[in-house]
Amino acid sequence: MAMTMHVDIVSAEKAIFSGTATMLFAPAEMGEVGIAPRHAPLLTWLKPGEVRVLTQEGEERSYFVSGGILEVQPHVVTVLADTAVRARDLDEAAALEAIARAEHMLADKQADIDYAKAQVELAQSAAQLRTIQKLREKAKR
Amino acid sequence: MSGAKEIRTKISSIKNTQKITKAMEMVAASKMRKAQDRMQATRPYAGKIRNVISHLAHAHPEYHHPFLGERASKRVGLIIISTDRGLCGGLNINLFKKAITNMQQWNADGIEIDLTLIGAKSTAFFKRLGGNVVATATHLGDAPSINELIGTIKVMLDAYEDGRIDRVYLAYNEFVNTMTQRPLLEQLIPIHGHEEKELETHWDYIYEPDSKPVMDALMTRYIESLVYQGVVDNLACEQSARMVAMKSATDNAGELIDELQLAYNKARQAAITQEISEIVGGAAAV
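The listed protein sequences correspond, in order, to chains A and B.
One point on numbering: in the numbering used here, the residue at position 71 of the first sequence is 76, and numbering is uninterrupted.
One point on numbering: in the numbering used here, the residue at position 252 of the second sequence is 361, and numbering is uninterrupted.
No lab work stands behind these hints, which were simulated from the structure alone.
For every residue, glycine included, the Cβ atom is placed at its ideal position computed from N, Cα and C.
Hints are not guaranteed to be accurate.
[Claimed, not checked] Below, a list of computed lysine to any residue pairs in the SDA-like style, where the Cα atoms sit at most 25 Å apart:
id, chain 1, residue 1, chain 2, residue 2
1, A, Lys19, B, Met328
2, B, Lys114, A, Ala131
3, A, Lys19, B, Val285
[What the hints assert, rightly or not] Some chain A residues close to chain B (C-beta under 8 Å, calculated; not the full set):
id, residue
4, Ser16
5, Thr83
6, Glu102
Chain A with its partners taken away, still in its complex shape (with noise of 0.2 Å):
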């Protein structure tokens, strides 16, 4: 029989593949690198691309990932693979967008003690309303 290694290929948000395989094929940051059971403990980059698995029956399942981590012991190999497509830049320019987010909503507290405001004038006026009502039943009877 056949060696095998056990593989995972996990995201943050779920995990992808679980199972026995006799061969990875992974798109490294030096280059594709092919890994089979017992490779040496290796923990690489991986950059956006296709990695191949060739499971037990000898079917062989891709999966795309948009870059992540290698890990590799001899006899299991985990993929961490990222969902979102990362980048310096990208990273930054959400982190920006977020520090945005939170000064525009310091700003805007105008809208929100206009609302607070409104609030408590609508309480009044549904509480004078009642009063008037009571009034009224009262002055028929």
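Chain A is fixed; fit chain B onto it per the hints.
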């Protein structure tokens, strides 16, 4: 008959409310199941990264990643995860209470606080309360993706790396079971609690291209996955809290209807009795 009629309209309006709360309960119940599945699905990723990090920390004692070292805290970062929508009982309020208790403690110790808010409810709450808000993310929906959180988390990580803040905490609701949600406040950075076990045999990875960038990338992803887990946990909490809240609202409406029905029957009977006595009185007079 005017009393009876008023009661009848009131009953029908409560019945309508009951229909709505019942529907919301059922929607929350079905969403809860999906949220719980999603919660389970995120577990393996963080676990795997944790293993690799703890191995790296042992294999390279000479390289100290900033996320692993303690330092005196003058300013802390707090990430608060709340829901986007209300009608879920005391879920958010309990969490805010917990956060505020801690914030008061920090204030008393002279520690300043930077806030990062996730969820519309926390943004609204802290806008009114005040506080130094540095980043927000809202409207993540029922299936949040990690993309939407990367920027928000990066604001905190950058601040930590630049030395502007010395600790980062995460506040969210932990899903215990359908009836119980526990507000939690955990320390994110510096990472602690990684087991200090000695390796039996010393071995190390082959690194491509180098160990440090791989370590840095892993750390960032680890923190992100913890925050993401918090968001997904909080979502499951939201749905189950809403389900319970709506169930009790439906039950209360049912009780109210029963009571009103009784009052209505009495009013109706009183009106009939009065009518009969009037007729009898009239007939006697003729």
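Hint check:
no. : hint                    : in the structure
1   : Lys19(A) <-> Met328(B)  : 19 Å, holds
2   : Lys114(B) <-> Ala131(A) : 23 Å, holds
3   : Lys19(A) <-> Val285(B)  : 20 Å, holds
4   : Ser16                   : 6 Å, holds
5   : Thr83                   : 5 Å, holds
6   : Glu102                  : 5 Å, holds
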